[in-house]
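There are 2 protein chains.
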Amino acid sequence: MARDAGANQLFEIAFEQPSKGSRRSADSVYEQLRAAILDGRLVAGSKLPAERQSALFFGVSRNTVARAYTRLATEGLVQSRQGSGTYVAPKKKRSLRERAPSRQALDARLNAQWLRPELAQSLNFWHDSQPAKASKETGFLDFRPALVDSRLFPFEIFRRVSAKQLRRMELKPPVFKSPQGNRGHYPLREAIATHIGISRAVVCEPDDVLVTAGAQQAFDILARVLATPGVTTVAIEDPGYPPMRAAFLAAGAKVVPIPVDAEGLIVDALPASVQVVCVCPSHQFPLGVSMSAQRRSALLKAARKHGAVIIEDDYDGEFRYDGTPLQALRSNATVDDVFYVGTFSKCMLPALRLGFVVAPQWAMSALTLAKNCLDWHCPTLTQMTVARFIADGYLTQHVRKLRDVYRKRRDLIEEILHSDFADELSPMPSHYGMHVAALSNTSKRLKRASLRLLESNVHLHSFERYFFGEPTSEGLVFGYGAVDLKGIEQGLKALRRAL
Amino acid sequence: MARDAGANQLFEIAFEQPSKGSRRSADSVYEQLRAAILDGRLVAGSKLPAERQSALFFGVSRNTVARAYTRLATEGLVQSRQGSGTYVAPKKKRSLRERAPSRQALDARLNAQWLRPELAQSLNFWHDSQPAKASKETGFLDFRPALVDSRLFPFEIFRRVSAKQLRRMELKPPVFKSPQGNRGHYPLREAIATHIGISRAVVCEPDDVLVTAGAQQAFDILARVLATPGVTTVAIEDPGYPPMRAAFLAAGAKVVPIPVDAEGLIVDALPASVQVVCVCPSHQFPLGVSMSAQRRSALLKAARKHGAVIIEDDYDGEFRYDGTPLQALRSNATVDDVFYVGTFSKCMLPALRLGFVVAPQWAMSALTLAKNCLDWHCPTLTQMTVARFIADGYLTQHVRKLRDVYRKRRDLIEEILHSDFADELSPMPSHYGMHVAALSNTSKRLKRASLRLLESNVHLHSFERYFFGEPTSEGLVFGYGAVDLKGIEQGLKALRRAL
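So the sequences go chain by chain: A and B. 1 is the number of the first residue of the first sequence in this note's numbering; add one for each residue after it. 1 is the number of the first residue of the second sequence in this note's numbering; add one for each residue after it.
Read the hints as simulated data drawn from the structure, not as lab findings. From a predicted model like this one, the values you see are computed outputs, not experimental measurements. Note that the Cβ used here is the ideal one computed from N, Cα and C, for glycine as well. Each hint should be verified, as a subset may be incorrect.
[Unchecked claim] Straight line, CA to CA, 20 Å or less: simulated EDC-like cross-link-like pairs of lysine to aspartate or glutamate:
| # | chain 1 | residue 1 | chain 2 | residue 2 |
| --- | --- | --- | --- | --- |
| 1 | B | K305 | A | D107 |
| 2 | A | K177 | B | D149 |
| 3 | B | K401 | A | E170 |
| 4 | A | K172 | B | D484 |
| 5 | B | K172 | A | D484 |
| 6 | A | K305 | B | D107 |
| 7 | A | K172 | B | E156 |
| 8 | B | K177 | A | D128 |
| 9 | B | K177 | A | D149 |
| 10 | A | K177 | B | D128 |
| 11 | B | K172 | A | E156 |
| 12 | B | K164 | A | E156 |
| 13 | A | K172 | B | D149 |
[Claimed, not checked] Listed below are several chain A residues computed to face chain B (Cβ distance under 10 Å; list not exhaustive):
| # | residue |
| --- | --- |
| 14 | D107 |
| 15 | K172 |
| 16 | E205 |
Same shape as in the complex, but just chain A (with noise of 0.2 Å):
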């Protein structure tokens, strides 16, 4: 009987089997148990195991637990027994909890919109259920696209830069920021008009720069401005990047999936009703691919026709390889219709949640007063220093030797795939980032040789996740950000043995 179960054998009982590392991060303690406690699946009477025995199961420290134990004591939930131990409270003793709402109930006071579980899965996407083995210390190869390796930053540049900054944040008197000076530290404005000049070739004065706290603010602050809830249609990338889709899904958006060839989007997808059309035409996200010319001018035609605005995705641009390189779409000629999207998470760091919109002016002004009423502006150490650290050529510098560094990984990637995988996969052409994504040249789904993968911990997407609707074609998505060449041969050696 339940009741009777050792200590640990309950617990392994009520509770799934996660792997250690995972308990804590996924809820807490206290939740867990409560939730188990509700549902019956620890029944009155239970004895808990000891608080020692409790911290190993659960992967948290003693005092954790001990937390737990006492809040759940205090809900009633628990009773302790001097010199006994702890156990599950009859259910007629529950007096607290039985008075409390129901989940439904509960759910009613929330925006029903948060509880979309489409909107979790676009958010969620990276991760997967099942998570890898590897702890931290043996370690992993991860290929999973976007993801950075702070490793080659240069740190110790960057700490002097900040050092700095910040003495002279020291010497200023306290003001307000104007609503107009919250859009981004001017310096730092002007150090990204600078940037994007070069780099992208956008052309644009610092008044047409709004600083975001990374590009999924400046997506969401987009969706919010742009978008009315239940009216206003917005056509996205399929295959994409999920989280781009939930900002627009959180904002009411009424969200269209477009399809995605060797060309970039099919523009003759799009439907007439169309107000928004978000697109990677650099770098596709997963599938890699630069839009063709021709998709460009049709996409601009077909925007100007609809009176839609266009949001280019720029996350990886600065890292360009070969190929012929197209102009932005963000062009002096298209200053009034696009809204560009750059990032310093790619090109510096995640971690810096910094990145930035190019505008055109006539939205500024409401893109400001929603930036206003978001978080007032980012940080403002954080600004200072960044912009110091593009202005004295850092930036440029990083990018040079990242560039190097990436062109090689891409090159072994593109290499091994055409000799080890030419009969399954297909390398679709990638000139610019972090990712390269194939085809597969089967019909076979990839989705298990990804899980497989994991148990040797390695992470490998296959296409599947990066769909809003049905998946129209398999393949895998290789980043290459945050695995080395040694990384990148052991990778494709165990997806070889894996397919």
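Start from chain A and add chain B according to the hints.
Quick look at chain B alone, frame taken from chain A:
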């Protein structure tokens, strides 16, 4: 005739005459010129001032003006005549503009929410349309509440802690944060739980804490998650903190202002339909009063009766000077009904952009999803540094120091108000924080006094801007976060003259 007027005179006529410093920060030179040309303030054929003169006029660099002129020329709005200068183009030549959509058409591309004047007013309430004449150099006395004097901050310590954390970051392998990990750096959530446990007697677990980009993002996330547009009724204090109201307006909530008296929010005025109540119980903004024990219990009772949740804004609760300490609303007994919002903007620096919500577990996954969707997480280095800063005891030390400094300032303000202004002003009891409010004893309008003070370089807010509806009382708000004892004496002398 305007077209023959001297260059500077032309601009003086075409543009309003803000103080030099504010021109650049307001709109871009390009935007101002474009607007002036399009609406006819700068007539066709007028000669623009030379770049150097223009730069002086707008208080920007010559380079900025040169780029603005080039851009206007590209758009056909001005013409450059070799050796003669730059002229406003004849109307018929403005082909590009003529085809451009009207302001109305452009506004139709935006979510109308962001065009509501009350939203902009609520967010810009710190600022006066006519800024103080003082330049940064000559300085002014700034009594606006919520302003923090960064010169009291221990920058040297922060720099050391920050540098150490940067070294730790350098050694970390690249990983994706889990969605839960995005709730905030775990050691920071632990430090917050400990800090508010001690300073505010709020008992919570790290897993009850969501780290946000300041209190403003906490309000925005709560507004988006708790309010369904057009449906949810949200009660806010009136007078109150306008940017908090803005977050709920932007989320489409039905915002209902509730009056406040010397005991805090008037609970009886809550409508039966209320679903969210926003309140500052420890130190009302801007009146400075603490909510009485009777009102607190009435509020909790009313919330339970209506099935409403409470958002408790405790922005400066760390600074308590006297009076009976009252528990935070978010005590152990109200875990499931109260969202407790705190910030590091007052007790550390607003430039950090760090705050937090202590939330009930039933809402935590929706809030976490929203945080992920909005910007994933707050900048890692800032979070690590603040976590260490708190854990090493520096925050406690800094708060203790500030408390002494602030108490003296508050005492001096109250003393002068009692001795020199007894006929006109009655200071309200204020046991916490960084500002004191004083009610007018006469029915005299104080807005004019506030405006007159601005001319003497003193920023001192009168009440009316804190009201959502019609002001129901007259008074002044004395923020002392950024004015030292000498400044207080000077400022109040200036007030004496102005009344």
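Consistency of the hints with the structure:
1. Between K305(B) and D107(A) the CA atoms are separated by roughly 18 Å; this keeps the pair inside 20 Å, and the hint holds.
2. With a C-alpha separation of about 14 Å, the suggested pairing of K177(A) with D149(B) holds against the 20 Å cut-off.
3. A threshold of 20 Å between alpha carbons decides the hint, and for K401(B) with E170(A) the separation of about 17 Å falls inside it, so the pair holds.
4. Only pairs whose Cα atoms come within 20 Å are accepted, and K172(A) paired with D484(B) is accepted, the gap being roughly 16 Å.
5. The suggested pairing of K172(B) with D484(A) holds, with an alpha-carbon distance near 16 Å, which does not exceed 20 Å.
6. Between the alpha carbons of K305(A) and D107(B) the distance comes to roughly 18 Å, so the proposed pair stays at or under 20 Å and holds.
7. Distance restraint check for K172(A) and E156(B): the Cα-Cα separation of roughly 15 Å lies within the 20 Å cut-off, and the hinted pair is therefore satisfied.
8. Under the criterion of a C-alpha separation no larger than 20 Å, the hint pairing K177(B) with D128(A) is consistent with the structure, at around 13 Å.
9. Under the criterion of a C-alpha separation no larger than 20 Å, the hint pairing K177(B) with D149(A) is consistent with the structure, at around 14 Å.
10. The hinted pair formed by K177(A) and D128(B) meets the criterion: a straight-line CA distance of about 13 Å does not exceed 20 Å.
11. Distance restraint check for K172(B) and E156(A): the Cα-Cα separation of roughly 15 Å lies within the 20 Å cut-off, and the hinted pair is therefore satisfied.
12. Restraint check: the Cα-Cα separation between K164(B) and E156(A) comes to about 11 Å, which is no more than 20 Å; the hinted pair holds.
13. Note on K172(A) and D149(B): the hinted pairing holds, with a Cα-Cα distance of about 9 Å set against a maximum of 20 Å.
14. About 8 Å separates the beta-carbon of D107(A) from the nearest beta-carbon of chain B, less than 10 Å, and the hint is met.
15. Look at K172(A): its Cβ gets to within about 7 Å of chain B, closer than 10 Å, so that hint holds up.
16. The interface hint given for E205(A) holds, since its Cβ lies 6 Å from the closest Cβ of chain B, which is under the 10 Å cut-off.
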